[in-house]
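A.B. asks: Sequence:
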Amino acid sequence: MQFQQAWAYRTGGGDTKITTNTGQNNQDVRVTVTVGDRRVDAIARFTNTSNMISVYSAADGTQACYKTVAGVSTMLGSSWTAGTYNEIRLNVQGTLVNVYLDGVQKVTNGDVSDVPNSNNAGFGLNTNYARVKKFEVY
Numbered sequence: 000m001q002f003q004q005a006w007a008y009r010t011g012g013g014d015t016k017i018t019t020n021t022g023q024n025n026q027d028v029r030v031t032v033t034v035g036d037r038r039v040d041a042i043a044r045f046t047n048t049s050n051m052i053s054v055y056s057a058a059d060g061t062q063a064c065y066k067t068v069a070g071v072s073t074m075l076g077s078s079w080t081a082g083t084y085n086e087i088r089l090n091v092q093g094t095l096v097n098v099y100l101d102g103v104q105k106v107t108n109g110d111v112s113d114v115p116n117s118n119n120a121g122f123g124l125n126t127n128y129a130r131v132k133k134f135e136v137y
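Mapping to numbering that gives the first Met the number 0: the sequence shown position 129 is 128, numbers consecutive.
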């Protein structure tokens, strides 16, 4: 499923999450951003903000993969400095998650066995202005 021109702009405070029903809980989510729009997240198995898997982009330029179950977030692997990038890839297959930033693997076989299955995937915006060029789920 590919959503060309999934443009998203946001102004004001708070996080915004945009999700869609993919029809499957094994999800390969790819979010392509304009270089410099680093406050965009990839989201998989989204039930609500209390139950999901995400690559979160912090204001200080770091990113990390989290699983959130019943409102408790746990980091999978270590955080990394985002720098400039074009594509975040969040690949969830069964009970494992792998994360890539511009094709470089950042998280390998993270355990997401306790995250409830959900067919919803998407992206989040954590800044007053961000732009998503392309959003794809395979």
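Simulated from the structure, these hints should not be mistaken for laboratory data.
Don't be surprised by glycine CBs; every beta carbon is placed ideally from N, CA and C.
One should not assume that every hint holds.
Derived Cβ-Cβ restraints for the label pairs, each shown as a range [stated by the list, open to error]:
hint, residue 1, residue 2, range
1, 59, 20, 28 to 38 Å
2, 94, 22, 17 to 27 Å
3, 102, 69, 15 to 25 Å
4, 104, 25, 15 to 25 Å
5, 57, 101, 28 to 38 Å
6, 102, 70, 13 to 23 Å
7, 25, 59, 30 to 40 Å
8, 23, 59, 15 to 25 Å
9, 74, 101, 31 to 41 Å
10, 77, 20, 25 to 35 Å
A.B. asks: I want to verify a distance hint. Is the separation of the beta carbons of residue 23 and residue 59 within 15 to 25 Å?
C.D. replies: The hinted range 15 to 25 Å is violated for residue 23 and residue 59, with Cβ atoms some 34 Å apart.
A.B. asks: In this structure, is the beta-carbon distance linking residue 102 and residue 70 contained in 13 to 23 Å?
C.D. replies: Once the Cβ atoms are compared, 33 Å apart, the range 13 to 23 Å for residue 70 and residue 102 is violated.
A.B. asks: Can the suggested window of 30 to 40 Å be confirmed for the beta-carbon pair residue 25 and residue 59?
C.D. replies: At roughly 32 Å between Cβ atoms, residue 59 and residue 25 fall inside 30 to 40 Å, so the hint holds.
A.B. asks: Between residue 59 and residue 20, is the Cβ distance one that fits in 28 to 38 Å?
C.D. replies: 33 Å, holds
A.B. asks: Can you let me know if the beta-carbon spacing of residue 57 and residue 101 is within 28 to 38 Å?
C.D. replies: 18 Å, violated
A.B. asks: Against the range 31 to 41 Å, how does the distance between the Cβ atoms of residue 74 and residue 101 compare: consistent or not?
C.D. replies: 21 Å, violated
A.B. asks: The hint says 15 to 25 Å between residue 102 and residue 69; measuring C-beta to C-beta, is that right?
C.D. replies: Given about 33 Å between the Cβ atoms, the range is violated.
A.B. asks: Does the hinted range 25 to 35 Å hold for residue 77 and residue 20 at CB?
C.D. replies: Since the Cβ atoms of residue 77 and residue 20 sit about 32 Å apart, the hinted range of 25 to 35 Å holds.
A.B. asks: Within 15 to 25 Å or not, the Cβ separation of residue 104 and residue 25?
C.D. replies: 18 Å, holds
A.B. asks: Taking 17 to 27 Å as the hint, is the beta-carbon distance of residue 94 and residue 22 inside that range?
C.D. replies: Since the Cβ atoms of residue 94 and residue 22 sit about 20 Å apart, the hinted range of 17 to 27 Å holds.
Going down the numbered hints, you'll see the structure goes against 3, 5, 6, 8 and 9, while the others check out.
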